[in-house]
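Colleague: Below are the chains, spelled out letter by letter.
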Amino acid sequence: MSIDTETAARVARLARIRVDDDALPGLAQEFNRILGFIDELAEVDVDGVAPMVSVTPMRLKRRADEVTDGGQTDKVLSNAPDAREGFFAVPKVVE
Amino acid sequence: MMTRELNALTIAQARDRLRAGDVTSVELTEACLTAAEGGRALNAFVHDTPEQALDQARAADARLQRGDAPAMCGIPVGIKDLFCTRGTASQAGSRILEGFRPEYESTVTRNLFDAGAVMLGKLNMDEFAMGSSNETSVYGDAVNPWKVDDRRLTPGGSSGGSAAAVAADLCLAATGTDTGGSIRQPAAFTGITGLKPTYGRCSRWGIVAFASSLDQAGPMTKSVRDAALMLQAMAGHDPMDSTSADLPVPDFEAMLTGDIRGKVIGIPREYRVDGMPDEIEALWQRGIEMLRDAGAEIRDISLPHTKYALPTYYVIAPAEASSNLARYDGVRYGHRATLDKGEGIVDMYEKTRAEGFGDEVKRRVMVGTYVLSAGFYDAYYNRARKVRTLIKRDFEQAFEAGVDAILTPATPSAAFGLGEVGDEDPVQMYLNDVFTVPVNLAGLPGISVPAGQDKSGLPLGLQLIGRPWEEGDLLNCAHSLETAAGFVAKPGKWW
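Sequence order for the protein chains is A and B.
Counting from 1, one number per residue, gives the positions in the first sequence under this note's numbering.
Counting from 1, one number per residue, gives the positions in the second sequence under this note's numbering.
Extracted from the complex, chain A is given alone in its bound form (with noise of 0.2 angstroms):
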């Protein structure tokens, strides 16, 4: 498997990264490298074996489906770049 500097640009895309145009050749040899190194993984005989979910064999805790949090607004907003009137601020998404 072979990534081209096309694939890299559209996994920069999919990751929300800006690469510049010259830089991806560099970063598509990176990618190279490294799965590379992961395809040594096509070598397991992995016929019949489960795929881990969980790393210790604990069942997740359920509880009741109530409110336990809430009402922190300012707090929640603090740490925005951009807040306004009780809400995050982003560029216009809607025309």
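Calculated directly from the structure, the hints in this document are not laboratory data.
Remember, predicted model here, so these are calculated numbers, not experimental data.
All C-beta atoms in this analysis are idealised placements derived from N, C-alpha and C, irrespective of residue type, glycine included.
Below are the BS3-like pairs computed for lysine-lysine, each with C-alpha atoms no more than 27 angstroms apart in a straight line:
1) A:61 x B:386
2) B:263 x B:392
3) B:493 x B:147
4) B:392 x A:61
5) B:307 x B:386
6) B:147 x B:490
7) A:92 x B:341
Some chain B residues close to chain A (C-beta under 8 angstroms, calculated; not the full set):
8) 199
9) 336
10) 353
11) 386
12) 426
Given chain A, put chain B in place with the hints provided.
Modeller: Relative to chain A, chain B alone:
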């Protein structure tokens, strides 16, 4: 003892002297603050909280006066920058969290503070805990207090600032986190003790997430006894972390009997890797002898899927990171890029993340995005999760056959020079974690104990791996190894 030496105490020594009333927490704290001030060249502390520290120290002294004093009461510690601490910068070593001041306290730091511990400040680390040399930090490199020539050496990573601070006596102990070796490798590089508990022993709530199925917090200390004392305060069930174990936390210090007669110590043949220096092999052999002399039974074992641990890790960790780090979008906290006229919200995300993340973080987020993307999910991510099952099964079979703990080297080399590894090839840096990564994949407890020095005088560590939830037994084995190894060397002060 003079005040300026108080910072060199272990937790256990300081506890005993605090309780005896011949030293106060304020005196200990002032000694550490002075040491930290004098240790700037190590770039270990990156956010200082001296006023909060002295307030906490005074409160601890009052508590000690009342006779209500857990072991950590009045003990000055450093906190890795990955832990959210209320009102204090918590940036995970990243530009994207510049200016972030959490409105809440991580469970582990809250537990430590409830036990009376004193926070001196926040400690340097690789960005989002992604690195093995502390060279990916927005704060610049942390520096190893050990030095054998003109070169500045890495303290390891990602908990490099924690390791440097403890080894240089800028604090009595520090918190670390370990996703693939980030407590144990820096502990080995700096001649201190580092314990990664069983996955679920410490709550992850309020710790900036890297790879949630692997991340675990633990103590970095000057002795095994200190690791037991500090873990005691950090651990415990937390309803805020659904993977935190609802199990009693035993009295770990009481389990340090020093008696390991009859314990079965497994020696995995797959941990002899190509290119490993003879000194590491020799140290491992000495460790085997020490445990045998202490009465343990040494048994050769096989963990056949060991060689696939690193590639498995480099699928699973980036996949989880790409998901966890999606939250850094410039909307709710941290950095937001300035937009040009006509740019919209997607431009905001892309520019914010391009400016806020460093190269290694970008690389891992994109690798994670790729292995989770349509068409590759089965070939990479699902396959890695299956191999992870096999890696864990290797350990389970060893334990089922009666093995109590497994002894391995902690790292494939001693500390290397800053800038010497991984510039051209990121995979070279990844190989540092070859002995530590399998332990995270299997969710097991592991501890690095300083056990010797290489020819040039740099510290080397051995790793013991224990059964799940049996940190007490593991610490006892480590205590035996520590006693036999008798590692007392300290770095000469050049900073």
